[in-house]
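Join these two chains into a complex; the hints should help.
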Amino acid sequence: MPILSLLILFPLAAALVTALLPRANASLIKGWAFVAVAIEFALSVYLLTNFVPNTSAMQFVEQYDWVPQFGISYHVGVDGLSFWLVMLTTFLMLIAIPASFSEINDRVKEYFIFFLILEAAMLGVFVALDVFLFYVFWEFSLIPMAFIIGIWGHERRIYAAIKFVLFTMSGSLLMLVAIIVLYFATGARTFDLLELQKTITPATIQPWLFCAFALAFAIKVPMFPLHTWLPDAHVQAPTAGSIILAGVLLKLGAYGFLRYCLTLFPDASREFAPLLIVLAIIGIIYGAMVAAVQKDLKSLVAYSSVSHMGFIILGIFVFSQQAMSGAVLQMVNHGLATGALFLLVGILYERTHTRLIANFGGLQKVIPVYAFFLLVVMFASMGLPGLNGFVGEFLILLGAWSANPMYTVFAAVGVILAAIYLLWAYQRAMQGPVTIEKNKTLPDLTRREFVLLLALVVFIVLIGVFPNFVLNPMQASIGALLNPNAVAGLVK
Amino acid sequence: MPLMLWLIPALPLLGAIINLLVGRRLPRALSSWLAVAFMAAAFGVAVSAVANLVALPPEERVLRETLYEWIGVGVGANSFSVNVAFWLDPLSAVMILVVTGVGTLIHMYAVGYMEHEKDYARFFFAMNLFAFAMLMLVLADNYLLMFLGWEGVGVCSYLLIGFWYDRDNLAVGTDEKFLSPRSSATKAFVVNRIGDFGFTLGIILMFWTFGSLSFAEVFPKAEEMFQIGAPVITVMTLLLFLGATGKSAQIPLFIWLPDAMAGPTPVSALIHAATMVTAGVYMVARSHVLYSLAPTTLTVVAIIGVLTAFIAATIALVQNDLKRVLAYSTVSQLGYMFFALGVGAFGAGIFHLMTHAFFKALLFLGAGAVMHAMNDMIDMRRLGGLRKVMPITFWTFLIGAFALSGFPLFSGFFSKDEILTAGFTSGNIVLWVVGVLTALLTAFYTVRAVILTFGGKPRWKEGEVVHAQDEHAAHGHGERGLHPHEASPVMTIPLMVLALGALFAGYVGLPSVLGANLFGQFLEPVFREPAVEISPTLEWTLIGISTAAALIGIFIALRFYLGDRETPQRLTRYYPWLYRLWSNKYWVDQIYDYVIARPGRWLANAFWTDVDGKIINGAADGLGRAFRNVGQALRSLQDGYARGYALAMLIGIVVVIAIVIMRP
Chain A
1 MPILSLLILF PLAAALVTAL LPRANASLIK GWAFVAVAIE FALSVYLLTN FVPNTSAMQF
61 VEQYDWVPQF GISYHVGVDG LSFWLVMLTT FLMLIAIPAS FSEINDRVKE YFIFFLILEA
121 AMLGVFVALD VFLFYVFWEF SLIPMAFIIG IWGHERRIYA AIKFVLFTMS GSLLMLVAII
181 VLYFATGART FDLLELQKTI TPATIQPWLF CAFALAFAIK VPMFPLHTWL PDAHVQAPTA
241 GSIILAGVLL KLGAYGFLRY CLTLFPDASR EFAPLLIVLA IIGIIYGAMV AAVQKDLKSL
301 VAYSSVSHMG FIILGIFVFS QQAMSGAVLQ MVNHGLATGA LFLLVGILYE RTHTRLIANF
361 GGLQKVIPVY AFFLLVVMFA SMGLPGLNGF VGEFLILLGA WSANPMYTVF AAVGVILAAI
421 YLLWAYQRAM QGPVTIEKNK TLPDLTRREF VLLLALVVFI VLIGVFPNFV LNPMQASIGA
481 LLNPNAVAGL VK
Chain B
493 MPLMLWLIPA LPLLGAIINL LVGRRLPRAL SSWLAVAFMA AAFGVAVSAV ANLVALPPEE
553 RVLRETLYEW IGVGVGANSF SVNVAFWLDP LSAVMILVVT GVGTLIHMYA VGYMEHEKDY
613 ARFFFAMNLF AFAMLMLVLA DNYLLMFLGW EGVGVCSYLL IGFWYDRDNL AVGTDEKFLS
673 PRSSATKAFV VNRIGDFGFT LGIILMFWTF GSLSFAEVFP KAEEMFQIGA PVITVMTLLL
733 FLGATGKSAQ IPLFIWLPDA MAGPTPVSAL IHAATMVTAG VYMVARSHVL YSLAPTTLTV
793 VAIIGVLTAF IAATIALVQN DLKRVLAYST VSQLGYMFFA LGVGAFGAGI FHLMTHAFFK
853 ALLFLGAGAV MHAMNDMIDM RRLGGLRKVM PITFWTFLIG AFALSGFPLF SGFFSKDEIL
913 TAGFTSGNIV LWVVGVLTAL LTAFYTVRAV ILTFGGKPRW KEGEVVHAQD EHAAHGHGER
973 GLHPHEASPV MTIPLMVLAL GALFAGYVGL PSVLGANLFG QFLEPVFREP AVEISPTLEW
1033 TLIGISTAAA LIGIFIALRF YLGDRETPQR LTRYYPWLYR LWSNKYWVDQ IYDYVIARPG
1093 RWLANAFWTD VDGKIINGAA DGLGRAFRNV GQALRSLQDG YARGYALAML IGIVVVIAIV
1153 IMRP
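Chains A and B supply the protein sequences, listed in that same order.
For the first sequence, this note's numbering gives the first residue as 1, with consecutive numbering after it.
For the second sequence, this note's numbering gives the first residue as 493, with consecutive numbering after it.
If we strip away everything but chain B, and leave its shape as in the complex, we get (with noise of 0.2 Å):
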C-alpha cells in the first residue's frame, strides 16, 4: 500500500478551505459535521500509517514521504534546500495520534457548545485549518517545514483566542477584569514572536553548522562532529528554547496563555491544553540529540521548567474563573515536561504531554460544559451544587482532576511520578523537592476548584439573570435566566471518552516495579534512552513520597473547602502580600509593560515627530530653503524647483571638473 503521510494533515486542510469557501452557505449542521469528518477521517489515515510503522522491526522504524522541493537556492556547498517531507517515527506517531484523536473528539464537542453561534464557518474553518498546521509540525522532516506548522498554529491559535472579536470583556456575573478576546489575540501572537525569533536564529545557525535543517542529516552530524559541551550547540539549543518557551507558554513568555482563555472553550482544550502548547515539549523532545550534546541547556531547560511548574501552580491557587485555574495548570504541567526533559527523560516528557493531553482536555470540556449550563459564568465564586445538576459532566470531570492531582492509579499519576523519579535520579534533589511540592500545590487547586464548582451547595439560583459586563458576551443565551442542565450526548460523550483516556491512559507507561513501560520501548528507538537501574525500596519510596504529596494536597483542599470555608479567608487575611503576589500574578505583566511597551512606544514617538518630523525634515527643508535664497540671489530663474535643479547641476559640475582635474 503506497504511504500516504501527506493526507493526515492534507485532510483536514481541505476540510478548512471548504468551510472557507462556502461554509457560509452551508447549513450549520453540515458545516460542523463536515469538519469533525474531516478530523476523523485524519484520525483513521494516521491510525494506518501507524500501523504499517508498528509493522516494521523497531529499529527501523521510520517512514518518510518526499513531496517536492519547497525553498531551493544556490549549488555546491552552500547550497540551501528544504523539501516538503513528512516523517513519521514513534515520537510523530504519538503526536499525530493525539492531535487527531483528541482533535476529533473536541472537535464533535465543538458542534454542541458552538450551537447558537452564529459565526460557525469561521469557527470550524480556523479548527481544522489548525488541524493542519499542527500536523505540519509534528509530521515535518525538517525545521523549516516544522516552522511552518509552528508559525501556523500560532495563526489560528490567533484567528480563536480573537475569535469574539467584538467583544469586550467576557467575564460574566462577577467583576473581575480580564483583557478583551482581541486583545489577547494579539498579545499571543507578538509573545509568541519573540520566542519565534529565536527559534529563527536558532534554525539559521543549525544551517551554518550542519549545512542541512532536515532530521536525516542533522542528528547523525551532530553526534559525530561535535563533542559534548561543544558552545555552538548550546547556543543553537538555548535559541531553540526560546522559541519553545513562547509556544509552550513557559518562564518568561507563559503570559500569553492565561489571557488565551478569551476564546471558546473548545478552543481552549484543543489549542492552548492538549495540542499546540506541547509543540514546544514536541520540539525539544525531537531534537534530543542537540540537547543531549548540551548539558548547560539541559540545566535551563530543566530550571526554568520546574520554576514554571511552580510558578504557575502558585498563581492557580488564588484565581476565581474555573477556566483560568486550568489555565495556570497547563502553564505549571507544561512545566512538568520541560523539567523531564531537562533532566534527560525525553520519554518521561513525552509520555506526560500524551496523558496531560486527555485529561487536561476533558477538565477544559467539562469546564466549557459547565459554561454552555450556567450561561457563561464561569466563576467559581458563583457556582456551586452542580454535581446534581450535571452528574456526567460532575463524575467525568473528577475523574480528570484526579488525573491531574496525581491520584494513584489514574493516568497523571504514572506520568508525573515518572518525571519526578527521573528527576531525583539524575540528581538535581532541589529541582526534585520543588517539583514534589508542586504536585501538592497541583492536587490542591484542583480539588479547590472541583469543590468550588460542583460541591457544596449553589451559589446561584434558578432563574436568576446573569450579566455580563459587555452586553452581548453571553453567547447566544441572551437575557434568559440561569437553567443549568447537563449537556447535550453530542458533548457528553466526547467527555466521557476522554475520561477513559484519563483512567487508563497511563498504564501503558507503567514503572518498572508495577509492570512494563511500554511507551517507553516504543519511544526507544527514537531517543535511545539509556536504562535507569534504580533498587525497587527507592523507587517504592518514591512513589510513596509523590503519591503523599497528592494525598496531602487533596487532604487539605478537603479541609480548605468543604467546611465552613473560613481558612482560607483566615489565611488570606494573614498574609495578604502572599495573596496579592499571586492574584496579581507576580506583577510580570506590569513589569513587562512598564519595562518593554511604554518605553517602547515613547520611543517610536520620538522617532516619529522629532527624529522624522524635525531632525530629518527640518534639514531637507532648510536645504531647500538655502537653494532658495541662493537662487533668488543668482535670479536667473524664476520656478521654484528648477532653480534648486540648475544650482545642483553647477555643483555637481564643479565637482566633476574637480574630480577630472584632481586625477592623477
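If we strip away everything but chain A, and leave its shape as in the complex, we get (with noise of 0.2 Å):
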C-alpha cells in the first residue's frame, strides 16, 4: 500500500472535495473537513502499526521519477526521525479541524480547503526524500499558512501574514541557492537525499551551503534572534492556526536541521554546533523572561515557544544520544502541550474577545474545568515529572551536559523561569477575586471542547508515565545519524 503517498494526496483530494460542497451549508463543510482528518488519522494508524522500529532504514518508501534528467524523483519514506512528526501532524489536526468550529463563520470554505493543503504540504515535508521534493513542500506549506492568518487572523492579521511571509521566504531563498549548489558540488548531479548522504560535500563549500539551510530553518524554528515574526503570527493566526503552527510548523525547522544539515554537512555542522548551541540557550532564557513580562496572554505562550524551541536545538547540535532523543521526543511534546495551549487561550477568546491578563482574574471559580486543563497543560509544559515535557526537557539536559556542563547549566535556568512565567499568568487569570462582571456568567467547557483537550491531557500524561514507546523507535534512526559508520539496527 502506498500508505504515504495517500497521506499526501488524500488532503488535497478532500479540499477538492471542500471546493465542491455548496458554500451556504457551512456545517456540511465543517463535517466533512472533520470526516476528512479523521480518515486521515486513521491512514496514519496503519504507519503506526506497521513501522519496524528496530532499524535505521526508511520504511514504507516509493520512488517514483519526476524530472530524471536534473535526478529528481518523488521519494518518500519514513524512520524514525520523522515517524512521530507524521503522527504528530495528522494528529493535531485532528483537534484543530474540530477546534475551529465555533470560531470561523466566515469563507468556512477556503478555511478548510487551506487546513487542508496544509496538512498535506506538512506530511510532504517529513517524508519527502528529494531535496528538491522537499523544497517544493516546503514552500507549499508557507502559503495556506500565509492565508489562513492573513483573512482569518485578529486586528493586525495583514501586518502578521507578510511579516511571516518575509522572514520565512528570505530564509528559504537560501536555501534553495544552496540546494542547487548542492546538486552541482557534490557531483552526483541527483536530489536524492539518499543519494547525496553517501557523497560529501566538499569542505569548502559546506560551512557556505550549512549556512544557507540553517538561516531557513532557524527561522522556522525560530531561534534567537530570528524569532519576532512568531509572536505576530501567533497572537494574530485564528486559534487553529496558532495550533498548527506551534505544534507542527516550527517543527519542520527543527526536523530540517536533523534531516539535511546533519546528514549533507556533518563537518560544518559540527563546526558550527557551538554557534547555535548558544544562540539556542539565549533563545531558553531570552523566550522565557520576555514571556514572563507579556499583557497578552497568546503571546506569553508564544514566547515561550521560543524558549521551548530552544531546548530542541540544544538537543540536536550536542549530538549526544539522549540529547537528540530528547529533541525529537519534545517536539512532539511541544506539539501536543503548546497546541494545548494555544487551544486554551483559545476558547477563552471565543467568550470573552481579549487575550489580556488583566481582563481575566478569577476565573478558577466561574469555569474550573477549564481551569483545570489549563493547569495541567502548563504543568507539562514547565516539565512536570509525569508529564510529557519532563521527559524530553531531561534527555536534552542529560545529554547536554557530556557535551560541555555549562550547557545544561545555563538552559537549566530556563526550566525555573518557565514555573515563573506560567504560574504567574495563571494566578493573575485563573485566581483571586473575578475582577470583571460580565466574566462571572462564562459558561465552562462545550463538551466538543472537552473532548478535545482531554485527547490532548491523554497523550501528555501517557507520554509522560511510558515515555518508552514513543522513544524507542527512533533509538536506531538517531544512533544512525550520530554515528552512520556503525551497523543499522544495532538497537537492543
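Derived from the structure by calculation, the hints contain no laboratory data.
You may find that some hints are simply not true.
Said to hold, decoys possible - To spell it out: a stretch of chain A is covered by chain B in this simulated footprint if at least three of its residues, at any positions, have a beta carbon under 8 Å from a beta carbon of chain B; those stretches are:
id	stretch
1	314-325
2	411-417
Said to hold, decoys possible - Some, not all, of what chain B presents toward chain A, calculated at C-beta under 8 Å:
id	residue
3	Phe689
4	Thr701
5	Glu1025
6	Ile1026
7	Asn1097
8	Ala1112
9	Gly1114
Just so it is clear, CB atoms sit at the ideal spot from N, CA and C, and this is done for glycine as well.
The structure is reproduced here in C-alpha cells:
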C-alpha cells in the first residue's frame, strides 16, 4: 500500500471535494473537513501499527521519476526521526479542525481547503527524501498558513501575515540557492537525499551551504534573534492556525536541521554547533524572560515556544543519543502541550473577545474544568515529571552535559523561568476574585472543547508515564544519524 | 505472599482519581471518608510490607520491586535507563509508616476541619495525590523516580497552599498583612524550582559519574571509585543539597514555608510540617554514602542546618500568628535535622524527623482546632483563656509543646538530645553551642505560644464578631459571633493519638545511659554508622545541658507571659533594632525582591520593548524598507513583497555564480 502517497494525496483530494460542496451549507463543510482529517488520522494509524522500530532504514518507501534529467524523483519514506512527526501532524489536525468550528463562520470553505492543503504540505516535508521535493513541500506549506493568518486572523492580521512570509521566505530562498549549489558541488548530479548523503560535500563549501540551510531552518524554528515574526503570527492567527503553527510548522525547522544539515553537512554541523547551541540557550532564557512580562496571554505562549524550541535545538546540536532522543520527543511534546495551550487561550478568547491577562482574574471559580485543563497543560509545559515535557527536557539536559556541563547549567535556568511565567499567568488569570463583572457568567467547556482537551491531555500523561513507546522507535535512526558508520539496526 | 509495594502509593492515587472524576457529585461525607479510607488502606499495606521486611535478618533488609522501564535511551556504555521500581529498606520503612500513619490521622481530622468547605472534593483529591507523590518519593529505588515524587509533592503543596485561591488575605481579626494564598502558592513553587535546579544538575552529574541513577548501583560504585573528599562527589552532593534547601526550607530558600501557612491547617500539618518538608532530610540521609565521601559538603550541611535553626527560632520569638510561630519552628527543627546529618549522625536526624512528625502535626492540628473554634482568628494577641473552653485541644497541645521544647522524657527531648550529643562529639563545639542556644529559644517561643493561646484571661468576648480583611475569608463562618467550643471527636481523636506519639515515640531511641537505641539499631543496616563511644559522665553532662536549656527557656517564658507581660514589651523598647530585625524576618524577602525580582523584571521588559521591539524588528523593518527603495528604483515589479522576493533571488544567483567561480 503506498501509504505515504495516500497520506499526502488524500488531504488534497479532500480539499478538492470541499471546493465542490455548497458554500451555503457551512455545517456540511465543517463536518466533511472533520471526516477528512479523521480518515487521514486513521491512515496514519496504519503507519503506527506497521512501523518496524529496530532499524534505521527508511520504511514505506516509494520512488518514482519526476524530472529524471536533473535527478529529481518523487522519493518518500519514513524513519524513526520523521515517524512521530507524521503522527503528530495527523493528530493535531484532528484537534485543530474541530477547534475551528465555533470560531470560523466566514469563508468557511476556503478556510478548510487551506488547512487540508497545509496538512498535505507538512506531511510532504516530513516524508520527502528528495531535496528538491522537500523544497517544494517546504515552500508549499508557507502559503496556506500565510492566508490563514491574513484572512481569518485578528486585528493586525495583514501585518503579521506579511512579516511571516517575509521572514520565512528570505530564509528559504538562500536554501534554494544552496540546494542548487549542492546539486553541482557533490558531483552526484542528483537531488536524492539518500544518494547525496553517501557523497561528501566538499569541505570548502560545506560551511556556506550549512549556513544557508541553517538560516532557513533557524527562522522557521524560530531561533533567537530571528524569532520576532512568531509572536505576531501567533497572536494574530486564528486558534487552529496557532495550534498548527506551533505544533507542526515550527517542527519543520527542527526537523530540517536533523534531516538535512546534520546528514548533508556533518563537518560544518559540528563546526557551527557551538554557535547554534549558544543561540539556542540564549533563546531559552530570553524567550522565557520576555514571556514573563507579556500582557497578552497568547503572546506569552508564543514566547514560551521560543524558549522551548531552544531546548530542541540544544538537544540536536550536542550530538548525544540522549539529547537527540529528547529533542525528537520534545518536538512531539511541545506540539501537544503548546497546541493545547493555544486551544485553551482560543477558548477563552471566543468567550471574552480579549487575550489580555488583565481582563481575566478569578476565572477558576467560574470555569473550574477549564482551569483544571489549563493547569495540567501548564505543568506539562514546565516539565513536571509524570507528564510528557519532563522526559524530553531531562534527556536534553542530560545529553547536553556530556558536551559541556555549562550548556546544561544555563539551559536549566529556563526550567526555573518556565515555572515563573506560567504560574504567574495562571495566578493572574484564574485565581483571585473575579474582577470583571461579565466574566462571572462565562460558560465552562462545551462537550466538543472538553473532548479535544481530554484527547491532548491523555497523550500528555501517557507519554509522561510510558515515554518508551515514543522513544524506542526513534533509537535506531538517531543512532545511525550520530554514528553513520556503525551497523544499522543495533538497538536492543 | 507476593510483594506489593506498588500498592502503597497506588491506593492514595486511586483515591485521588476517584475524587477528581466523581468527587463533586458525591456527598461530602463519602468523598472525604473515601480519601481517609484509601490512606488507611495504604497504611495497612505499609505495615504488612514493613512486617515482611523485619522478618528478614538485619543485613538483608531490602525489598525491591520493579514495575517497568520508565525511560530508556540508547545502547552500550552511554545508555540511559531508569525504572519505575521500589526500594523498601529500614529508612524508607520509617518514612512510609510516618507518611501513611500520620497522614491517615490528618486526613481524618480534615474531615471535620473542612466540614463547611464547599470544594471538599478538590481538597481531598489534592491530599490523596500528595500522599501518592510522597510515597513515590520515599519508595523510589532511583533518583529520577524520587524526583518524580519530589516534584509531585511540590505540585500538591502548590495546589493546597493556594486552595483558597480567590481570597486576598486570610488574617482574621488582625491588621497583619500576609501574602494571599495564591501568591504564597506561586512563591512556594518557584522557590522550590530553584532548589530543583540544583537537584536536577546533581542527578545529571550522578549519571555521568556512575552511569546509573539507581541506589543499588550508585552507592557501591561510589565507595569503590572514590576516596573521601573527591571533588566530583563534593559538587554532586552540594547540588543535591541545594534541592534539599528548597524542599526542606533551609537557608537560603526557607522563605516560602511561612507563607505556605495560607493553606488550610491540615495541609500545614501534613505537608508543611510532618512529611513533605522532611523530603530534603530523607534525600540527604538516603544519599549518606555520597555525603560521607564529601566532608566539605557535610560541613556546609551542618552549618546551614544550625544557622537556619537559630535564625528561624529568633523570628519565631516575635510572631503574633500562632501558625507562623509553628511554621518558623518547623524551619528551625528541620535545621536541627540537617545539623545531625551534617555531623554524620544520619540516624539521629531521621529520629528527629520521626518524633517531629508526631509533635508538629499535633501542634498544627491543635492550632487548627483553635482556628475552627475562633472563626479562623489565629492572632495570639486576641486569643487567651482557651484552656477552659477546649480542654482536649489544650492538653494535647501542651504535650506537643513539651515535646517541641525538649522537656525531659517527651519524644522531642530524646531526639534533640541525640542530635546535640552527636554535634558535641563530632567536635563542632561552636555549632553545638548555637544548637543549645536554639533549644533554649525553642522552649521559650513554644511556651509563649501556649500561654498566649490557652493561658490567662480571654482577650476575646463571647458573641463578638471578628472580621477578616478579606470579606469572605473566614471559611464557612460568615458573620457569626464567637462561640468557641471544643472540636468534634473526628478532630480530637487524631489529636489524642498524635499526643500518644508525642509522648512515647522517643522511647525507641534512648541514650545509652538510659537504655537501648532501638531506632538507631533498626536503621543501622542502612547507615552503618560507627558507634560513638562516649563516657557516661559526658553523656549525662550533655543531657543535663540540653535539659537545662529547655527548662531555662520554659522558665523565662513563664516569667514573661504569665505575669503582667511588661517585660517583653520593655525589651522591645530597649532593643528596637533587634525586634525590627526579627519581626521583619531579617528582610530576606525584601533583599530577594530588590536583588533578583526587580532587576529581572526590568531586564525582561528591556528585552521585550528594546531588543525585540526596537533592535530586531527595527532591523527587519529597515531591511524591508531597503528592499522597497531598491525595488522602486528598479521599477520592475509592483507587488510589495514580490519585489523583495525577486531581489533576494537576484542576490542569490549572484552568490551562486560567485561561489561557482571562486571554487578551486
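We went through each hint and held it up to the structure:
With 4 residues bearing a CB less than 8 Å from a CB of chain B, the stretch 314-325 of chain A meets the requirement of three and the coverage assertion stands. For the stretch 411-417 of chain A, the stated coverage by chain B is satisfied: 4 residues place a CB nearer than 8 Å to a CB of that chain, which reaches the threshold of 3. Checking Phe689/B against chain A: minimum C-beta separation of about 5 Å stays under 8 Å; hint holds. Evaluation of the Thr701/B hint against chain A yields a violated restraint, the C-beta minimum of about 11 Å exceeding 8 Å.
The restraint placing Glu1025/B at the interface with chain A is violated, with a minimum CB-CB distance near 43 Å, outside the 8 Å limit. Annotation: Ile1026/B was flagged as interfacial toward chain A, and the flag is violated, the nearest CB pair being 43 Å apart, outside 8 Å. With 8 Å as the threshold, the beta carbon of Asn1097/B comes within range of chain A, its nearest partner Cβ sitting at about 5 Å, so the hint holds. Hint on Ala1112/B holds. Least Cβ distance to chain A is approximately 7 Å, under the 8 Å limit.
For Gly1114/B, the suggested interface contact is broken, since its CB lies about 13 Å from the closest CB of chain A, more than 8 Å.
Hints 4, 5, 6 and 9, counting from the list given before, are not met by this structure.
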